[in-house]
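Undergrad: Each chain, letter by letter, is given below.
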Amino acid sequence: MTDPTAETGTSPVSPEDPDHRSAFARMGDRRKRRIDELAEAGSLSDERGVSLWQSAWRRLRRDPVFLIGAVIILLFLIVALIAPWLAPHDPRARDLIGQVTPATPIPDPQPGYPLGGDNAGRDLLSRLIVGARQTLIVGVLATLGGLFGGLVLGTLAGGIGGWVDNIVMRVVDVMLSIPSLLMAFSIAAIFARPSQWTVILAIAIVQVPVFARLLRGSMISQRHSDHVLAARSLGVRAPAIVFRHMLPNSVGPVIVQGTLVLAVSIIDAAALSFLGLGNPDDSVPEWGQMLGRAQVFFNTYPHVAVYPALCIIVVALGFTLMGESLREALDPKSRR
Amino acid sequence: MTDRPGTSTYPSGEGEPLLSVRDLTVTFGRGAKAFRAVDAVSFDVRPGQTVGLVGESGCGKSVTSLAIMRLLPSRGNAVTGSVHFDGEDLLTLSDTQMRDRRGRDVAMIFQDPLSSLNPVVPLGVQVAEVLERHRGMNRGDAGRRAAELLDKVGIPDPTRRLKEYPHQLSGGMRQRALIAMALACEPRLLIADEPTTALDVTIQAQILALLKELVQESGTSLIMITHDLGVVAGLCDEVNVLYGGRIVERARRHDLFARPRHPYTGGLLASIPRLTEGKGRRLTPVPGSVADNIPWEGGCAFAPRCSSEIEVCRERTPELVPDHEGLGPDRLLRCHNPLESNPLDDAPSDEEVRA
Amino acid sequence: MLRFIVRRLLQAVIALFVLSVLLFAWLRSLPGGVVSALLGERGTPENAARLRAQLGLDDPLPVQYWRFLQRALQGDFGVSNGVYRGEPALDVFVQRFPATLELSLFALALALVLAIPLGYVAARRRGGMLDTGSVIFSLVGVAVPVFFLAYVLKYLFAVRWGLLPPSGRQSVGIDATHITNLYVLDGILTREWDAAWDALKHLILPAIALSSIPFAIIFRITRAAVIDVMDEDYVRTARAKGLTSSVIRVRHIMRNALIPVVTIVGLQVGALLGGAVLTEKVFAFQGIGQALAIGFERRDYPVLQVLIMFAALIYIVVNLAVDVAYALIDPRVRTK
Chain A
12 MTDPTAETGT SPVSPEDPDH RSAFARMGDR RKRRIDELAE AGSLSDERGV SLWQSAWRRL
72 RRDPVFLIGA VIILLFLIVA LIAPWLAPHD PRARDLIGQV TPATPIPDPQ PGYPLGGDNA
132 GRDLLSRLIV GARQTLIVGV LATLGGLFGG LVLGTLAGGI GGWVDNIVMR VVDVMLSIPS
192 LLMAFSIAAI FARPSQWTVI LAIAIVQVPV FARLLRGSMI SQRHSDHVLA ARSLGVRAPA
252 IVFRHMLPNS VGPVIVQGTL VLAVSIIDAA ALSFLGLGNP DDSVPEWGQM LGRAQVFFNT
312 YPHVAVYPAL CIIVVALGFT LMGESLREAL DPKSRR
Chain B
1189 MTDRPGTSTY PSGEGEPLLS VRDLTVTFGR GAKAFRAVDA VSFDVRPGQT VGLVGESGCG
1249 KSVTSLAIMR LLPSRGNAVT GSVHFDGEDL LTLSDTQMRD RRGRDVAMIF QDPLSSLNPV
1309 VPLGVQVAEV LERHRGMNRG DAGRRAAELL DKVGIPDPTR RLKEYPHQLS GGMRQRALIA
1369 MALACEPRLL IADEPTTALD VTIQAQILAL LKELVQESGT SLIMITHDLG VVAGLCDEVN
1429 VLYGGRIVER ARRHDLFARP RHPYTGGLLA SIPRLTEGKG RRLTPVPGSV ADNIPWEGGC
1489 AFAPRCSSEI EVCRERTPEL VPDHEGLGPD RLLRCHNPLE SNPLDDAPSD EEVRA
Chain C
436 MLRFIVRRLL QAVIALFVLS VLLFAWLRSL PGGVVSALLG ERGTPENAAR LRAQLGLDDP
496 LPVQYWRFLQ RALQGDFGVS NGVYRGEPAL DVFVQRFPAT LELSLFALAL ALVLAIPLGY
556 VAARRRGGML DTGSVIFSLV GVAVPVFFLA YVLKYLFAVR WGLLPPSGRQ SVGIDATHIT
616 NLYVLDGILT REWDAAWDAL KHLILPAIAL SSIPFAIIFR ITRAAVIDVM DEDYVRTARA
676 KGLTSSVIRV RHIMRNALIP VVTIVGLQVG ALLGGAVLTE KVFAFQGIGQ ALAIGFERRD
736 YPVLQVLIMF AALIYIVVNL AVDVAYALID PRVRTK
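Residue numbers (my numbering), protein chains in the order written: chain A, 12 to 347; chain B, 1189 to 1543; chain C, 436 to 771.
Treat the hints with care, as some may be off.
As the list claims (entries may be wrong) - Below, in silico cross-link-like pairs of lysine to aspartate or glutamate (DMTMM-like), each with a Cα-Cα straight-line distance of 25 Å or less:
| no. | chain 1 | residue 1 | chain 2 | residue 2 |
| --- | --- | --- | --- | --- |
| 1 | B | Lys1400 | B | Asp1300 |
| 2 | B | Lys1400 | B | Glu1244 |
| 3 | B | Lys1340 | B | Glu1352 |
| 4 | B | Lys1221 | A | Asp74 |
| 5 | B | Lys1400 | B | Asp1345 |
| 6 | B | Lys1221 | C | Asp666 |
| 7 | B | Lys1351 | B | Asp1329 |
| 8 | B | Lys1400 | B | Glu1374 |
| 9 | B | Lys1351 | C | Asp668 |
Rather than coming from a laboratory, the hints here were simulated on the basis of the structure.
Please work from the sequences and hints to get the whole structure.
TA: So, in structure tokens, the structure goes:
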């Protein structure tokens, strides 16, 4: 680790820290600090990079937590990929619409339709299978959007420094000081006509400050590392240093955070739908939307909500398990 | 006042031992990966005596002390042998009985005074809690006694210091505070695990002088664990040199410095800088380190680093046997080809090392 | 110490300023702008033009912002155009805040009381059944969408088994005196025990749902902190002193392990505020969360504006308080 004052979880202000003032200044917001810690922990310098990834992989291969997560996510990806061929029916076809009556709004399970239908007479199982794809798209795009925004802000702040850093980080701090779910709801509410895109945008923006802090922290911890100083002394231009020498070393923490954000994105999408801020068009099914809209039937036909909920829980758990085991494997502190 | 316990009243051999360690073995891990950090170590400590355990890091000296105190982690290791303290085997006591002994009969001070003190508890509480626990004192009495103790170990303005936190003290002051805690209940045995290693050289001397004064005054027995023969020279009556988890040589301090018999001891002595030495003499380090040691099975573990290695060293494990050529009483040695028993020109005397 | 508090206060003031700008920008970017937000369905073109002039919406932006700020400081946020039509938006907050405060405090207390001891025991028996079980439980807890958990609890305990009331804060038949509008506290203060008990029964299910995420996070932080602290030299020193296990546990392990926990609790207030929107909607619990949920559905922007602002304000103030508390708890910071 490049920073000798890197803090441990238990002694937030190391008394051995020669620069008490900076330690003191850093003890502002725990949330910010945790992001910064992750940034430092995962930053790998060139020389150690290979061995760090290798040792991480060696640990992960034998880590049951990671393996369970990886199996879940692999299955999820396969289902999402081959969904159209896997689904027994067209998820848009209202095959069972004849059985939808005011008295029985949800068609029962029956031969050929093992989970029954939804309130529009469409096959629930097919919608779940095809929904995997859209759920994956929403999660990945929201995460990538947050990452991209964070990359721009973090690179500006950490790469340039000075007053740019100051201004960018003030804004980022304020964004972090709004409860994240509430911010997602507020952003989604801006749009008169919500769609899949407004949902993705709302979730992505909430993640921007998290990624921005992460990348900035990672860059600042590297700014004085040997390989960056070497590149600078050789006259490599600043953008080249940032993109070729500093960013590649931030990959570890970004992957960890990204994996955890994927889980959050899928859950948040469900919450937005639940509040009526989600995509109103349900021709392309998505689990969060299916769950959010099933609220009316919860006390009468709970299975309509339980199936998409279970899908979300299992996939979110898979991403969380992978993210947490990655974090541990990449953290030099925990490798005793 | 006996300034040099080794030359005047040497307490060894007088009275029953206070602490009697027999075949103490600590094994970490299990099965094929099992590793003996301490291997059949036996030694005695008599009342008022100071015994040194000397060796490089990794030789098992700290594990020995933690095993005596039963402070090793409860899982992942196995301790066998016996540790008789005042006639009782500490290893067979219940956890509750052992807890009653710790801090009251047997106390310990550790290497790093900063990390060994609780950062968020005032110093006074950390001293007083031992008295409350073992002496049944109330808060007030314990606090007053704590101030006296801090004063005794040379901490100025003790009543003010009681309210302060460890980070507000200097390294030497912290170690003094730890000594005060350890000696609060006047234990009969004190174990000091590298008590000066983390300190500045000038502070080291002060702390050693303080320890020496306190144990002599109270008659406390002391086990001094160190890698520094300079510390041994100033303090110990008897010295055990450990290598690879086993005792390789035992002697009275003066004898050891005058006539080191084991090549490892000789090497340790030769690597000490001396004031009387002319300029330009190179220090002779012991080559290699304990990290690349090999087990004791089928030969001497020190052989790969040894300058007097002979053929038999690689074939047969030497036993720890009385050393009749060593000229001192109670000398033990584990070596096939010991150094000449004539005083080495190269080795410093204990007075020189202490200077 | 004083300088630290002053600096944090200053940071909070800056955060509030940026927040007000963001809020202003948010209002301006709403569909149809402030005019249609305020007019609602009465928005004929003539009405709109009159209101635009009346509100000075044709003035330059800084002037408009200044006016917005002045009115906000006077507590004038306009009038609800949703379900509370005609009510001043600020009143909606004032009336409903105690309910959310009561629910959040109860949920937080629940999370702390369960998570801290469990985290301690899990850390002490690391790798054992209880540890593994509670770690899995906490990972799943984060993966379950809060509103789904709320529905499951409501379905099982209220609808199916009828053990607890399914919705609201108080049973219809109860005629209770209200002093603080924290119903349980009111019942205790007025010695109307049946009212207190009734209010408490209404709190249990929403509080369990709301506490799921704070519980999971506090549990994991406590567990990690205790594991770290148990390896510390000072715990070995405490054992070498022969101290009783209760003194070692309380004075030497927990006093250190709780420092990171305190800081994480402040952040959980954000999760509580976001989660309250979802939970209060499920249980029709009349707090600001439910008002927000309805506001998002009905696009009641004046009400949303007030509620979001106060939610962010509460979050900032709580975290300021936590930072100060943190400095007070940790002598390494306090005595600098």
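Undergrad: Hint by hint, say whether it matches the structure.
TA: Hint check:
1. B/Lys1400 <-> B/Asp1300: Holds. B/Lys1400 to B/Asp1300 sits at ~19 Å (cutoff 25 Å).
2. B/Lys1400 <-> B/Glu1244: Measuring from Cα to Cα gives roughly 23 Å; hence the hint holds.
3. B/Lys1340 <-> B/Glu1352: Judged against 25 Å, a Cα distance of about 18 Å means the pair holds.
4. B/Lys1221 <-> A/Asp74: At roughly 21 Å apart (the allowed maximum being 25 Å), A/Asp74 and B/Lys1221 satisfy the hint.
5. B/Lys1400 <-> B/Asp1345: 23 Å, holds
6. B/Lys1221 <-> C/Asp666: With a Cα-Cα distance of about 23 Å, the restraint between B/Lys1221 and C/Asp666 holds, given a limit of 25 Å.
7. B/Lys1351 <-> B/Asp1329: 15 Å, holds
8. B/Lys1400 <-> B/Glu1374: Distance of about 15 Å is within 25 Å: holds.
9. B/Lys1351 <-> C/Asp668: 21 Å, holds
Every hint from the earlier list agrees with this structure, and none is contradicted.
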